[in-house]
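Novice: Place chains B and C on chain A using the hints.
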Amino acid sequence: MPTIALLTDFGIQDTYIGVMKGVIASIAPQAQVIDLTHAIEPQGVQQAAFALMTAYRYFPPKTIFVTVVDPGVGSERRALIARAGDYSFVAPDNGLLSYVLKAYPYAMVYELNSATHRLKQVSNTFHGRDIFAPAAAHLANGENFDRMGSRIRDVVTLPQPYLRVEADSLEGEILHIDRFGNMVSSIGTIEWGGEDQCMLKAAFGARRAAQILAAGALRIACNGAEVVGLSRTYAGAGTGELMSLVGSSGFVEIAVNQGSAAQALGAKLGDRVVIRIG
Amino acid sequence: MPTIALLTDFGIQDTYIGVMKGVIASIAPQAQVIDLTHAIEPQGVQQAAFALMTAYRYFPPKTIFVTVVDPGVGSERRALIARAGDYSFVAPDNGLLSYVLKAYPYAMVYELNSATHRLKQVSNTFHGRDIFAPAAAHLANGENFDRMGSRIRDVVTLPQPYLRVEADSLEGEILHIDRFGNMVSSIGTIEWGGEDQCMLKAAFGARRAAQILAAGALRIACNGAEVVGLSRTYAGAGTGELMSLVGSSGFVEIAVNQGSAAQALGAKLGDRVVIRIG
Amino acid sequence: MPTIALLTDFGIQDTYIGVMKGVIASIAPQAQVIDLTHAIEPQGVQQAAFALMTAYRYFPPKTIFVTVVDPGVGSERRALIARAGDYSFVAPDNGLLSYVLKAYPYAMVYELNSATHRLKQVSNTFHGRDIFAPAAAHLANGENFDRMGSRIRDVVTLPQPYLRVEADSLEGEILHIDRFGNMVSSIGTIEWGGEDQCMLKAAFGARRAAQILAAGALRIACNGAEVVGLSRTYAGAGTGELMSLVGSSGFVEIAVNQGSAAQALGAKLGDRVVIRIG
Chain A
-17 MPTIALLTDF GIQDTYIGVM KGVIASIAPQ AQVIDLTHAI EPQGVQQAAF ALMTAYRYFP
43 PKTIFVTVVD PGVGSERRAL IARAGDYSFV APDNGLLSYV LKAYPYAMVY ELNSATHRLK
103 QVSNTFHGRD IFAPAAAHLA NGENFDRMGS RIRDVVTLPQ PYLRVEADSL EGEILHIDRF
163 GNMVSSIGTI EWGGEDQCML KAAFGARRAA QILAAGALRI ACNGAEVVGL SRTYAGAGTG
223 ELMSLVGSSG FVEIAVNQGS AAQALGAKLG DRVVIRIG
Chain B
-17 MPTIALLTDF GIQDTYIGVM KGVIASIAPQ AQVIDLTHAI EPQGVQQAAF ALMTAYRYFP
43 PKTIFVTVVD PGVGSERRAL IARAGDYSFV APDNGLLSYV LKAYPYAMVY ELNSATHRLK
103 QVSNTFHGRD IFAPAAAHLA NGENFDRMGS RIRDVVTLPQ PYLRVEADSL EGEILHIDRF
163 GNMVSSIGTI EWGGEDQCML KAAFGARRAA QILAAGALRI ACNGAEVVGL SRTYAGAGTG
223 ELMSLVGSSG FVEIAVNQGS AAQALGAKLG DRVVIRIG
Chain C
-17 MPTIALLTDF GIQDTYIGVM KGVIASIAPQ AQVIDLTHAI EPQGVQQAAF ALMTAYRYFP
43 PKTIFVTVVD PGVGSERRAL IARAGDYSFV APDNGLLSYV LKAYPYAMVY ELNSATHRLK
103 QVSNTFHGRD IFAPAAAHLA NGENFDRMGS RIRDVVTLPQ PYLRVEADSL EGEILHIDRF
163 GNMVSSIGTI EWGGEDQCML KAAFGARRAA QILAAGALRI ACNGAEVVGL SRTYAGAGTG
223 ELMSLVGSSG FVEIAVNQGS AAQALGAKLG DRVVIRIG
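Residue numbers (the working numbering), protein chains in the order written: chain A, -17 to 260; chain B, -17 to 260; chain C, -17 to 260.
Any given hint could be a false lead.
[Claimed, not checked] To list a few chain B residues with every Cβ distance to chain A over 12 Å, as calculated:
| no. | residue |
| --- | --- |
| 1 | Tyr92 |
| 2 | Asp150 |
| 3 | Ser151 |
| 4 | Glu153 |
| 5 | Ala188 |
| 6 | Ala249 |
| 7 | Gly252 |
[Unchecked claim] Calculated cross-link-like contacts (lysine-lysine; reagent style DSSO-like; alpha-carbon spacing at most 30 Å):
| no. | chain 1 | residue 1 | chain 2 | residue 2 |
| --- | --- | --- | --- | --- |
| 8 | A | Lys44 | C | Lys183 |
| 9 | C | Lys250 | A | Lys250 |
| 10 | A | Lys44 | C | Lys44 |
| 11 | A | Lys250 | A | Lys84 |
| 12 | A | Lys183 | C | Lys183 |
| 13 | B | Lys102 | C | Lys183 |
[Said to hold, decoys possible] Label pairs and their in silico Cβ distance ranges:
| no. | chain 1 | residue 1 | chain 2 | residue 2 | range |
| --- | --- | --- | --- | --- | --- |
| 14 | B | Arg254 | C | Asn123 | 32 to 38 Å |
| 15 | A | Met90 | C | Gln245 | 51 to 57 Å |
| 16 | B | Glu23 | C | Gln12 | 33 to 39 Å |
| 17 | A | Gln245 | B | Pro11 | 38 to 44 Å |
| 18 | B | Ala199 | C | Gln245 | 31 to 37 Å |
| 19 | A | Ala149 | B | Glu23 | 54 to 60 Å |
Since the hints were made in silico from the structure, they are not lab data.
Don't be surprised by glycine CBs; every beta carbon is placed ideally from N, CA and C.
Pulled out of the complex, with its shape left as it was, chain A reads as follows (with noise of 0.2 Å):
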């Protein structure tokens, strides 16, 4: 029996995600489900979809992803369910999937537009419940793709996060804040989905930024604050002192030792970051 995970911005403090697993445990009784993160911000489209992408390569095979956050839920945006590799996903077409669905060229996306994969009564402002949840304990139980929509091929797509690129210099942004006040910037050192975008190496070529790397010889600036050179770990500068670093999904960050940097730089979702070479 698969997994079945969910990433959502619903929160914890209603009753949403326990409505959503009730489902989802009436229809898939032997599914075991995980929450990814439900905290992503109201309506952020974009860092739910990067989110997705640095996490879901960590998940079994054959696990199913519910990604539910939809500024349009129950105006005219379809829902979808993805196979993509060895895994399923279900989604709003919102862009959601974007930078997931890019590493998999072959993907195959459906409209999910099956009445009897729903529940009976469908609610105009909560389709987690009543369409996504039920969806994904539906592919659980080993239901066909063909039999719960139809075949799709013009899903919407999320432009690229802001990337400037001159000479000697990136500039891209926030994506992420994380608990600990870590800023996660869109500037990678691994492939951005399955591509080469927004990354030192497609930048500046996989040689030079291999150099860059290895010799630190970085500027990273955010608002109004510089740091020089990338530290190994969050232990790599002075208690309370600000450092960057290349976290664990593989892009640049700017951290607080023991503090938070998004408090010491006043940041949010958005911010700017430049990192100039040399």
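Specialist: For chains B and C alone, coordinates are given in the frame of chain A:
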């Protein structure tokens, strides 16, 4: 093996919930435990009763609900186990089950007083761990209600939420504010528990209520603001604008498209909501 | 299949915990994972050690605790696996296990250094995902301690919480503030770890301690406020009034009936608590 669903005001910043799950796993290792929510406001018995009423029907038959919001822990209130339809409930006797039990006139309620279905050491202050969680686990193992307590017929009942019906208006109160700042009122279009109370239908008759809803001929006022008509979804007003709609549980809500109505109106639980007809 | 319980300072706003569960499900799909808590204050090793000590005994035998509060991640501290009584523990070697291990003089502790029981790629900053979660999953699969690490006898140990004993008083500190604002002190009536430290019993002898408790002949002072005697429950004072009691884990707490003592007294972790006898 049945599902056990937990609803408390314990929050998740402490180990209270983890410990209750440890106790359940010790007694009924096969039980699947689902968090309904732990973010009920401290001592918010009515909020919990409302949350339970709107959520329980989405869980599979045989689900056992452990609901602990307990201003009087260790004082004289009794502990209850109840069987209502296909569901079981474990709760303090302070009204928490009253809205659910309204739907089940033939529910059987017992005082949970067996000394052999609790932990050996019972503290004065954490009955969730010492009494309620073990009782749920024993129910999950198939234990008989009769062996765990004695039948009672004088369960404590909450008063209905505030309601004043005039010729052309209906006044209720805010029972829940969700993560998005949506303000959920006590004024519903479906049935309250098993009866028709505090409902458009009850106030104005089924026919006129249906006409009112179809025509959207309402003005909803709260904390000095007023909204005209009911939107179909949260996208039914301009971004940042106030609106009203019937939420996914069947109750009238005040919301802001991609914003927080509660913040915009400075709302809190118990605030009055007035619906004027025509 | 054993239970795996997680205790961290990671919070739940990010995908860190979800990803750790994905890793566990990949290696040990049958394991049942329980969140003990993820809201330990960032880098709060002592708070975590205290939480673990008060919680672990409520879990079933064979439970594996993964505890990650790790100011020095990636610096020189070692990773540990430990067997103590019926329980196993995976933790950084920074004192997190010290209060639990006090209760088990025959505990066996290993440095976790096997390269085959971690993820293939190990980051510098997220050992919870790359080292600790995989180790717990392998233990759940029945792997032998000896194959995963090498026995050590110089585990890092936390100092005991602050304690000063005078002829007629006992001074401790606040170790935890819970969701309700209850302030849990280091002064206990049961045994601390396996020994008698920082306890009424240790300070004044078993007989006098029992007399003191029975008579309630104490004044508890903190941050300028003083409470006389011990209540039995949180309802033991008037609504909104300050009180003191022995909490569900056996430690003296300061509380407010249906309110927050921590807020009333402006309390924080480490604040001094003085108990005066007679």
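Novice: None of the hints should be skipped; say for each whether it holds.
Specialist: Do the hints match the structure? See the list:
For Tyr92(B), the condition that its CB be more than 12 Å from all CB atoms of chain A holds, with the nearest at approximately 24 Å. At roughly 26 Å from the closest C-beta of chain A, the C-beta of Asp150(B) stays outside 12 Å, upholding its exclusion from the interface. Even its closest Cβ contact with chain A, about 25 Å, leaves Ser151(B) beyond 12 Å, as expected for a residue assigned away from the interface. The beta carbon of Glu153(B) is kept farther than 12 Å from every beta carbon of chain A, the shortest such distance being approximately 24 Å.
For Ala188(B), the requirement that its beta carbon stay farther than 12 Å from each beta carbon of chain A is met, with the minimum near 18 Å. Residue placement check: Ala249(B) keeps its beta carbon more than 12 Å from all beta carbons of chain A (closest about 15 Å). At roughly 17 Å from the closest C-beta of chain A, the C-beta of Gly252(B) stays outside 12 Å, upholding its exclusion from the interface. Note on Lys44(A) and Lys183(C): the hinted pairing is violated, with a Cα-Cα distance of about 56 Å set against a maximum of 30 Å.
A threshold of 30 Å between alpha carbons decides the hint, and for Lys250(C) with Lys250(A) the separation of about 28 Å falls inside it, so the pair holds. For the suggested pair Lys44(A) and Lys44(C), the alpha carbons sit about 29 Å apart, so the restraint of at most 30 Å is met. Pair hint Lys250(A) plus Lys84(A) holds up; C-alpha atoms about 26 Å apart against a cutoff of 30 Å. Note on Lys183(A) and Lys183(C): the hinted pairing is violated, with a Cα-Cα distance of about 64 Å set against a maximum of 30 Å.
Taking the CA atoms of Lys102(B) and Lys183(C), the gap is about 23 Å. The hint holds against a cut of 30 Å. The hinted range of 32 to 38 Å is not satisfied by Arg254(B) and Asn123(C), whose Cβ atoms lie roughly 58 Å apart. For the pair Met90(A) and Gln245(C), the beta carbons lie near 54 Å from each other, so the given range of 51 to 57 Å is met. Hint check: Glu23(B) to Gln12(C), Cβ distance near 38 Å, so the stated range 33 to 39 Å holds.
Separation of Gln245(A) from Pro11(B) is about 43 Å and conforms to the stated range, judged on CB atoms against 38 to 44 Å. The hinted range of 31 to 37 Å is not satisfied by Ala199(B) and Gln245(C), whose Cβ atoms lie roughly 46 Å apart. Between Ala149(A) and Glu23(B), the C-beta spacing of about 56 Å keeps the proposed range 54 to 60 Å intact.
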